[in-house]
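**Q** Residues per chain are reported as follows:
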Amino acid sequence: MAYLWIVGGSYYYWHWERKDRRGHENPPKLPDYPRVSIIVPCRNEGGNVADTLTALLNQDYPAFEIIAVNDGSNDSTGTLLDAFAANHERVRVLHLAKNQGKAVAMRMGAMLAASEFLVCIDGDALLDSNAVAWIMLHFLSGARVGAVTGNPRIRTRSSLLGKIQVGEFSSIIGLTKRAQRIYGRIFTASGVVTGFRKRALHQAGYWSPDMITDDIDISWKLQMDHWDIRFEPNALCWILMPGKQRLRWAQGGAEVLLKYFRGLWSWRKRRMWLVWFELLLSLFWAYVVMTFVFILWALGKVVALPEPWMIETLLPGWTGVMLGFTCLFQFAVSLAIDSRYEPNTGRYYYWVVWYPMAYWLINVCTAVVALPRTIIKHKGARAVWISPDRGINPEQEARP
Amino acid sequence: MTPTLVIERPDLQAWRQKYGYAALTFVFWGLYLYLWQPLLSLVLWFLGLGLAYQEMLHLGGFRGLLDVLVFYVGIICAMSAVFLGWGWINYLRFRGVDRRQAAPAVSPQELTEFFSVAPENLIQWRACKSLTLHHDPHGDVVAAEPGPGASYPSLVQCDRNPAPNKRVANR
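Here the protein sequences come in this chain order: A and B. If you read the first sequence in numbering that gives the first Met the number 0, its first letter stands for residue 0, the second for the next number, and so on. If you read the second sequence in numbering that gives the first Met the number 0, its first letter stands for residue 0, the second for the next number, and so on.
What the hints contain is simulated information worked out from the structure, not anything from laboratory work. Since the model is a prediction, treat every value here as computed from it, not as a measurement. Glycine included, each C-beta is placed from N, C-alpha and C at the ideal position. You can trust all of the hints, since none of them are fake.
Covered by chain B, per the in silico footprint, the following chain A stretches (three or more residues, Cβ under 8 Å):
no. : stretch
1   : 2 to 10
2   : 75 to 89
3   : 110 to 116
4   : 153 to 164
5   : 181 to 195
6   : 320 to 327
7   : 342 to 354
If you want the ones that stay clear, here's a sample from chain B, every Cβ over 10 Å from chain A, calculated:
no. : residue
8   : W14
9   : R15
10  : L91
11  : A117
12  : E119
Using the sequences provided together with the hints, build the complete structure.
**A** Structure, rendered in structure tokens:
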């Protein structure tokens, strides 16, 4: 799979990005600048939301409004948003009296938005000033484009986890999205920054309040309804470290794997088969290759297993060399492709060694835990916010 | 890049954490190289050429590498060819062709039907700089409370739209 991502990502780069020398600061001139509603769902973002809205107000795009949705926060978020709305004509605030979860917050934002085009970003993210123009380029050039996902960049890089995630975001997220664009469907748009065509959302039934990862689910809903989702690496969005989200992501993957299984098997849905297969393969890897191998090896120590089931040793052989090489190669390719959007990311290569040694194991464990959790999850149960640790941020800590 | 956006402040970390993680990462590189043990062994064997010949060629130790390499390279080439071929065929077939007509924008009426709210409510809500919505346990709007400066009463129970809810959430 890693090699498919490497080959696909490199091909995407070669075909779509290599010749474009404009840089993300210089988006192309658009034939038209339709009005855009930027929706910012936030819960307890008192420390971040002022920066988020300030960055949004600096958008280099002529016609936009900002709808901040305060989802039942119990900190200063509501007061801060009201102050912003009072001082800035472009800003409106929608308070939800009780915490309803991100999906309902965005549904309400979409309902109140006056525009056909929405850009949804998280309440702790800083959108690059040209991002909206880059996103709109796709909506104006393709009638079947239902969503455009941007390029999230990690801001908090002091800690070990932050440094690893710089590599992970360019490698796993950037490279897989590029590769998946080659086969025409992507696993998920990024929940941090994505533009939507409201018609596509409306046809698909907007975000589902009961799905644990709204972004994965809406991506599948739109694509199952034959809408295209594109990736725009120039639409940069600076985010704080998304920590402790791994189990949620794994569970979101397992949810769509099960939810869309039945609807998938018609010729018209064939483009989703590869995404589904890719997801299934990662679960298979987690369960069979990792867990069963370990269990069989341990079992072989106490009971005599038949010859084909016997795992002699966990010591790495030539396969270990290949795995090790593959992982480092994948990171090298993705950091090289990514360097045009953020120079000097090569120095994070030192920290990526954690990825194969520890992160892969964590990912395997989360995948193994997520599947049964998804199966036994109460059907229709509402998914609400879980605020993660976002890494060291001196500006936020200095605030009262 | 906007350099000020990146927060890299190792000085805010405890020295134990800062150097501890760097050292631990170094150890991990060591462990990682352990994965490469067979390759390192091969290199070391080559340094003592006679032994390398004995182990790798005469006893066939290199065949393991050859087998794995042939297997992996074969699969990677086959997958890549199919993948890129598929991408290329699709590109040639569909480039510049968009069979789908531009879809009309979603009208306020469609929105009010979908979200089961009265059209006049939506008009009022959109005019508010600040608005509070109350929901029932299913996430449907039941009441609205405009913020300061709004021109209508403070808490309004919603007139639910009589039209059937055209929810298609589970498609």
